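Chemist: Now for the letters of each chain:
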Amino acid sequence: QKEVEQDPGPLSVPEGAIVSLNCTYSNSAFQYFMWYRQYSRKGPELLMYTYSSGNKEDGRFTAQVDKSSKYISLFIRDSQPSDSATYLCAMSSSYNQGGKLIFGQGTELSVKP
Amino acid sequence: DAGVIQSPRHEVTEMGQEVTLRCKPISGHNSLFWYRQTMMRGLELLIYFNNNVPIDDSGMPEDRFSAKMPNASFSTLKIQPSEPRDSAVYFCASSDRLAGGTDTQYFGPGTRLTVL
Numbered sequence: 074q075k076e077v078e079q080d081p082g083p084l085s086v087p088e089g090a091i092v093s094l095n096c097t098y099s100n101s102a103f104q105y106f107m108w109y110r111q112y113s114r115k116g117p118e119l120l121m122y123t124y125s126s127g128n129k130e131d132g133r134f135t136a137q138v139d140k141s142s143k144y145i146s147l148f149i150r151d152s153q154p155s156d157s158a159t160y161l162c163a164m165s166s167s168y169n170q171g172g173k174l175i176f177g178q179g180t181e182l183s184v185k186p
Numbered sequence: 025d026a027g028v029i030q031s032p033r034h035e036v037t038e039m040g041q042e043v044t045l046r047c048k049p050i051s052g053h054n055s056l057f058w059y060r061q062t063m064m065r066g067l068e069l070l071i072y073f074n075n076n077v078p079i080d081d082s083g084m085p086e087d088r089f090s091a092k093m094p095n096a097s098f099s100t101l102k103i104q105p106s107e108p109r110d111s112a113v114y115f116c117a118s119s120d121r122l123a124g125g126t127d128t129q130y131f132g133p134g135t136r137l138t139v140l
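Chains as they are written, first to last, in the working numbering: chain B, 74 to 186; chain F, 25 to 140.
Next up, chain B with everything else stripped away, as it sits in the complex (with noise of 0.2 Å):
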């Protein structure tokens, strides 16, 4: 079992939809938590980040995270095509890991206008 599942999708949505993006994992050392943005032929970037529980909202966009059920969540609100992208979850576990993340397979999203 991998330490992060992410449904591949690909998720089609109309314009103006609200888009829920979902990651689990397994370990419960994860503190810190990520939602990398990737447009086709680019690098990841980074789009929001939460430490520990809670909710973060940035814009159109929430990230969630329920420790207790290990289950992190991102939110699209009005979604536009120009939110077409694959979206990874990533996570780390210690303030001194030096940077490394896990990342989950990341979510192809696509917007129709």
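Treat the hints as calculated values from the structure; they're not laboratory data.
All figures in this text were calculated on a predicted structure; none of them were measured in a lab.
Glycine included, every Cβ here is placed at the ideal spot set by N, Cα and C.
There's no promise every hint is true.
[To be verified] Computed from the model, here is a short list of chain F residues facing chain B with C-beta under 8 Å:
1. 32
2. 72
3. 138
[Claimed, not checked] Cβ-to-Cβ under 8 Å is the rule here; a few derived chain B residues that face chain F:
4. 112
5. 115
6. 116
7. 117
8. 118
9. 119
10. 120
11. 121
12. 122
13. 173
14. 174
15. 178
16. 179
[To be verified] Mimicking EDC-like on lysine to aspartate or glutamate, the simulated pairs with C-alpha atoms at most 16 Å apart in a straight line are:
17. B:173 with F:80
18. B:173 with F:120
19. B:75 with F:68
20. B:173 with F:68
21. B:140 with B:156
22. F:48 with F:86
23. F:48 with F:120
24. B:185 with B:156
25. B:140 with B:78
26. B:173 with F:81
27. B:115 with B:156
28. F:102 with F:87
29. F:102 with F:86
30. B:140 with B:76
31. F:92 with F:80
Following the hints, position chain F against chain B.
Modeler: Only chain F this time, still in chain B's reference frame:
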């Protein structure tokens, strides 16, 4: 800042040839990571360095793969001899400390490798 720089952007080679991928991390970043991405396996960490020292190379698939970081501004990933199953996009990333105590990684544009 120019971001993480990788070269070449595309490489097509024949089975058995040596391939060298290059990376220049963001100035001031202390950690550097090499990843491989395929449709089947997603993003896999191959090796990472901290202050130019290899910390974890458990993801390097086999002895055909080697990586070096001779100084803080340059790293190479070498495959010798290359095989068709090595075809993938190879990313280099460097990391910086986020407010709140962990690091985040900044990725380069990747090198798309095709081994015929």
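Chemist: Sort out whether residue 156 of chain B lies within 16 Å of residue 185 of chain B, counting only the CA atoms.
Modeler: 10 Å, holds
Chemist: So, as I understand it, the hint says residue 120 of chain B touches chain F; can you test that by seeing if any CB pair is closer than 8 Å?
Modeler: 11 Å, violated
Chemist: Taking the closest Cβ pair, is residue 116 of chain B under 8 Å from chain F?
Modeler: 3 Å, holds
Chemist: Have a go at the residue 173 of chain B hint: is there a Cβ in chain F nearer than 8 Å to its own Cβ?
Modeler: 6 Å, holds
Chemist: Next item in the hint list is residue 115 of chain B. Is there a CB on chain F closer than 8 Å to its CB?
Modeler: 6 Å, holds
Chemist: Given residue 121 of chain B as an interface hint, is the shortest Cβ-Cβ distance to chain F below 8 Å?
Modeler: Residue 121 of chain B check fails; min Cβ-Cβ to chain F is 11 Å, beyond 8 Å.
Chemist: Tell me if the straight-line CA distance from residue 48 of chain F to residue 120 of chain F falls inside 16 Å.
Modeler: 15 Å, holds
Chemist: Given the hint that residue 173 of chain B pairs with residue 81 of chain F, does the C-alpha gap stay at or below 16 Å?
Modeler: 12 Å, holds
Chemist: Does residue 179 of chain B pass the interface check with chain F, least Cβ-Cβ distance below 8 Å?
Modeler: With Cβ-Cβ at 6 Å, under 8 Å, it holds.
Chemist: Regarding the pair residue 102 of chain F and residue 87 of chain F, is the alpha-carbon distance no greater than 16 Å?
Modeler: The given pair, whose Cα atoms are some 10 Å apart, holds under the 16 Å limit.
Chemist: Using the nearest Cβ pair, does residue 117 of chain B come within less than 8 Å of chain F?
Modeler: 5 Å, holds
Chemist: Can the hint on residue 32 of chain F be confirmed by a CB-to-CB distance to chain B that is less than 8 Å?
Modeler: Violated: closest Cβ of chain B sits about 14 Å from residue 32 of chain F, beyond 8 Å.
Hint violations for this structure: numbers 1, 3, 4, 10, 11, 21, 22, all remaining hints satisfied.
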